[in-house]
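Novice: Below are the chains, spelled out letter by letter.
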Amino acid sequence: MDLKYTPQQQEFREEVRAWMQANVPSVPLKSFDTEEGFQQHREWEKTMNEGRWGMVTWPEEFGGRNLDLIQWLIFEEEYYRANAPTRVNQNGIFLLAPTLMEYGTEEQKARILPKMATGEEVWAQGWSEPNAGSDMAAMRSKAELEGEYFVINGQKTWSTRAVYADWLFGMFRTDPDSERHRGLTFILVPLDAEGITVRPIPQLDGLPGFAEIFFDNVRVHVSNRLGGDGEGWQVAMATAGFERGLMLRSPARFQETARRLVELYIENQESADQDPAIREAVLQAYMQAEAYALTTYQTACRLNQGGKIGPESSTNKIFWSELDQDMHATAMSILGARAELLPHASAAEGVGRWLDGFLFAQSGPIYAGTNEIQRNIIAERMLGMPRA
Amino acid sequence: MNFTFSEDQILFRDSVREFLNNEVTAESLRARWDTPSGRCKELWAALAELGLTGMLVSEANGGLGMNEIDFVLLAEECGRAALPEPLVDTVLVATPVLQQAGKDDVLAAIATGQSAVAVQATEGALVADAEFSEYLILQENSAVYLVSSADATLELQESIDPGRRLYSVSWDASQANVLADGDRGVALQAKMFNLGALGAAAQLLGLSQRMIELSVNYTSERNQFGKPIGSFQAVKHHLANVAVKTEFAKAPVYRAAYSVAHNLSDAAQHVSHAKLAATEAATQAAKSGIQVHGAMGYTWEVDLQIFMKRAWALAGAWGSRGEHKARVASAVFGPERSLGAGQTFASAS
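The listed protein sequences correspond, in order, to chains A and U.
Throughout, my numbering is defined as the position within the first sequence, counted from one, plus 1.
Throughout, my numbering is defined as the position within the second sequence, counted from one, plus 120.
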């Protein structure tokens, strides 16, 4: 065990820090759930790619730097320290890309990854259906093979970023007689294809952060199948594994929220200390963000040495999502009468970000597999308790 | 950056787990409850034979010359087994203190298994295993003393944990051997406290995992409404919550071992975080453990009590939650604070 960064890792940190200082926009971008903000974020992805910072863990041929997971964590630390924009293509770079690397053909990788890296093609997810939410295996949207084309019919929902995105990845039932996890195939679908209707769903802040998608005889070339026919479930599980794991929610994000919470508490200590529970909650937030970082480093080091992510990774999703909720709820308590103000209200100057974060934190225990489903997974796969 | 244990460290841990599994059974623990010493001399000799008592003793004094990082996984196993013998205090707390004071004869006796050493957490505190141990490390004002247990008057103070043996100690400091005093004494007291709290944290981590295992086993076998109660979500989620707390207490405990072994400037804060996280995990494991065992969990008969009571005892030993929170708070809220992304390993580099 050696908890010192190597000189190379230190140098890498300095390099990221210098680039972020020079390039992170000084005025925060508009929300990527608006058309204007989405384009701004797309531009930012392009800028990142020009510096070869788009996805440092990717092979160099796709615009990456072929770096390991520790360097990834260092990159993320500097990214969040610099208060850089949220990644608009996170569905693509964090979720689809690792699956593509594992299951994609060379043709698919060469065709998809470079455009993903530049932000030219932004990705949305197509998992949930009206009757297949937590019970994902109940999905019924179908894709029938006709010659070289899948013909897709059905409906997806809660598709994050789909309103402005270019492509969607998801699972469709290719064997009409199949049940549950069998007979599903992982297919990539261009969102401008004929027969697709995207209907925005306003989320809690009123912006169309997700959408319903209707498929009416949508023709998609068979070269957009990822993995084998009927193997969609295994391929998707790999994606879900990464989602719960290291990529989507790296610790830096929560450590920075915890740091801001400590500062908010100290600035308002006199009023905050009237409720002793606040000091306790701030302290817990700091320790938990730290525990998440330590645990992630441990996992990353194990994976670097050839280890595998195990079922214990299901504990991550619960831990960070509840931590995020708790931290923002504590901030709201500290802010008192200012807590309800929308970020652009002039009286919310300097603290409006907490409300945005508070709203978004409410979705954490729901997306990427509800925390109830995660608890079932922990109980059954990690602890070995009997299935229902 | 390599936050993993080596293959050797894992293999050693596995062999100690197997040994303790075979030697420290629930029956053997219950048998010891009814004896005055509550301890097993033969087991202590066997632990010495395996090299465990002398793990942190230098090779020159007949030990293995290892460090706190090597031992932390074994302290976790001592917790998992609810080992009554004072291995953690002797190895993790007393040995580094005696090493610093150059007490070669006592160190050699620890390595051979001839002596155990009991440690007082703070001045006036009760001392666990004072009677079983040949030596006591005690505190008064700013000094740390080494006392032969034969020279002290011991009075047993019974604990809820029948496996614990706590004593109030009357002794005469003017007749005792000073290990350190003045500023060095204060520094040594602080070091002892950190080592002891780290040992308690590691044991709590092991206890938590053992209570989860017992609860999983029980709820997989106990049937109601025609199926194992462990198949019900309400029961599953109790134990999943404990698993989450336990999983995220591990890395803080291992990091604390590293910080102590390397004398990092924020070792005290790291130890306190570890103790708090492990206490939270183990007390939740006890609370949920008894709940999913139902009425059986409230009986003397079911073995859950062995681990639950040890967890309750260690939760308050080596610093209350309040003391540890205050130590973390002084770092997090203090004027020198350095928080946020990228700061986690700043003091190590």
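Everything labelled a hint here was simulated from the structure, so no lab data went into it.
Here the structure is a predicted model, which means the values were calculated and not measured.
Glycine included, C-beta positions come from ideal geometry on N, C-alpha and C.
Hints may be right or wrong, so weigh each one.
[Unchecked claim] Stretches of chain A that chain U covers, calculated by requiring three or more beta carbons in the stretch to come under 8 Å of a beta carbon on chain U:
id: 1; region: 7-14
id: 2; region: 47-60
id: 3; region: 285-293
[To be verified] Which residues of chain A face chain U? A few of them, derived with a C-beta cut under 10 Å, are:
id: 4; residue: Leu4
id: 5; residue: Asp206
id: 6; residue: Thr300
id: 7; residue: Pro344
id: 8; residue: Asn377
Novice: Take the hints in turn and mark each one as holding or not.
Specialist: Taking the hints in turn, this is what the structure says about them:
1. 7-14: holds (count 4)
2. 47-60: violated (count 0)
3. 285-293: holds (count 6)
4. Leu4: At about 4 Å, which falls below the 10 Å cut-off, the nearest Cβ of chain U leaves the hint on A/Leu4 intact, so it holds.
5. Asp206: violated (25 Å)
6. Thr300: Holds, about 9 Å.
7. Pro344: This interface hint is violated because 22 Å lies over the 10 Å limit.
8. Asn377: holds (6 Å)
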